[in-house]
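Chemist: Work out the full structure: start from the sequences and follow the hints.
Letter by letter, the chains look like this.
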Amino acid sequence: MIKFDNVSKRYAGGHEALSAISFEISKGEMAFITGRSGAGKSSLLKLILAMERASTGAVFVDGVNINRLSRRQIAQHRRKIGAVFQDHQLLFDRSVFDNVALPLEICGYRPQDARRRVRAALDKVGLLRKERLYPEMLSGGEQQRVGIARAVVNRPSIILADEPTGNLDPDLSTDVMNVFQQFRDVGVSLLVASHDISLISKLNCRTITLEAGKITEDYSAGGGS
Amino acid sequence: MKSEKLLRSRNNQRRDSPSLSSWVQMHRRTALQSWQRLLKTPASSFATIFVIAVGLLLPALLYGVSSNLSSVLDNLNGSAQISLFMDRGSTASELRLVREDLLFDDAISNVELISSEQALEEFSAATGLSEISQQLSDNPLPATLVVTPMDADPQSVATLAARLGATPHVELVQVDSQWIQRLTAVSRLVAVSGQILTIVIVLGLFFIVGNTIRLAIENRRDEIRVVKLVGGTDAFAARPFLYAGMYYGLGGGMLATMLQFAVVIGFNSALQDLLQLYESNFHLQGFGFTSIAALVLGGGAIGWLGALLASFRQIAAIDP
Ligand SMILES: Nc1ncnc2c1ncn2[C@@H]1O[C@H](COP(=O)(O)OP(=O)(O)OP(=O)(O)O)[C@@H](O)[C@H]1O
Ligand SMILES: [Mg+2]
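Protein sequences appear in the order of chains A and B. So the first sequence is numbered by our numbering: it starts at 1 and just counts up by one. So the second sequence is numbered by our numbering: it starts at 1 and just counts up by one.
Hints are not guaranteed to be accurate.
[Claimed, not checked] Listed next, with one range per pair, are the computed distances between beta-carbon atoms:
| hint | chain 1 | residue 1 | chain 2 | residue 2 | range |
| --- | --- | --- | --- | --- | --- |
| 1 | B | T290 | A | A120 | 20 to 26 Å |
| 2 | B | T41 | A | D113 | 30 to 36 Å |
| 3 | B | S44 | A | R68 | 39 to 45 Å |
| 4 | A | G13 | B | T41 | 35 to 41 Å |
Simulated from the structure, these hints should not be mistaken for laboratory data. The structure displayed is predicted, hence computed values, not measured ones. Just so it is clear, CB atoms sit at the ideal spot from N, CA and C, and this is done for glycine as well.
Modeler: What follows is the structure, given as structure tokens:
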């Protein structure tokens, strides 16, 4: 589903955030990316979303080289991906409901269909009662969960999550992971960047460890790597 | 059986994926949201609309004046006349003879004789100076033969006038169509300058709308970024701004229509007194349905296109 083939990413400043990364995530697989701050976790996710371009090597999603996509195709590509951003990326002049509805609006859902799905997504993250509020009225953790609801609302085939539990207490974090696992169980591929080692160890999933832009460990729960 | 299945699958499709009606609904919602956003900043929205209205008003007025002029000219052109002022000494029977001779001329459709007494009467009636004319011992006005040519175009009128100079008892030939020619030239000038002005102003309006839209996009950069991150195309991100541009243009067009009516009404009442002197029922024509439609729709189109030109590159440049 997702394949990195010897990918390096060098930013304009000359800093190499990722070097010679190769790995593959299959359909219905859930994997964590860990590593210290600045190791390159967000950079890796941004490459998949076509927010950044690989300097060398190629990133494939569904067998398609992301680097070769036109602008229009990039938009289509992003619709297949539910992304949770480290900095939430919410719209502050729209209600929680409208924020979560945005991906559906872009895909042209009828409002009545969208409503059903938005409610379901908000219910999954426990925010159904706050749908009318605006993001600035929410706590950091609540904003994060709005971002998660928005990522899953369109039933994507890939979910990318950058520190989705950074602002959440252990109970909520476990809830969010349960939501993710439900998606994995219906065939969604998930890639979750996190430093929350205790949470990761509880889940016993594949874990890719980055250090200064290189993969130093690719631990697979089922054995092998 | 088969068709039932087909129907059901089509129903499913309609429920869960984009369709025409959802496209319409989406546009309706975007249109409404853009409208509400304009209302949130009424002062600056109105300022933009006002500038557009004034811009549209100028060529519209010029166009109105020139089309009024040309409709006046159409009426006048049929009435090109040549006045033959006769010798003061010619007698009534001489004048009648000359008139009858002229009536046989193939180039002439009618000849009217205005005796010097009639001329004086008309003069007093028109000017109200009857007392003065009564005090005159001698009638200073000559008798006049007013010739209506067959062919009203300026060229043949001029040829005819030259020929009529040789008619006996004629002292002076005056072609009454000279001022019509001048008016024609003026009206052509007005029309041409109206066209040039229109081009310049349309370009200016593109610039004004574009600038307003550019600012709006700059203010909502973050939103556009997020829209793109979750899979919105450039066209989707641009849509609210295109609606905004269209609203500015439509609003400008409507305001221009109202201003135009105000100008026409004001102009006509000022003109009334002047024109009564000439016993003319000329008045500046109000502007009909087509010109209102042209202003409003043209304004809307200019606004939309201006927003399109301004937004496309800028929105494409916002790269998440
Ligand atoms: N746009 C950018 N331009 C230049 N350098 C960048 C850019 N984005 C990231 N970097 C650099 O790349 C490196 C990796 O950054 P990245 O955001 O991927 O780290 P991270 O693993 O997500 O860290 P954190 O856990 O703090 O979120 C950092 O050293 C950072 O300075
Ligand atoms: Mg990061």
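Chemist: Take the hints in turn and mark each one as holding or not.
Modeler: Results for each hint:
no.: 1; hint: B:T290 to A:A120: 20 to 26 Å; in the structure: violated, 53 Å
no.: 2; hint: B:T41 to A:D113: 30 to 36 Å; in the structure: holds, 33 Å
no.: 3; hint: B:S44 to A:R68: 39 to 45 Å; in the structure: holds, 43 Å
no.: 4; hint: A:G13 to B:T41: 35 to 41 Å; in the structure: holds, 39 Å
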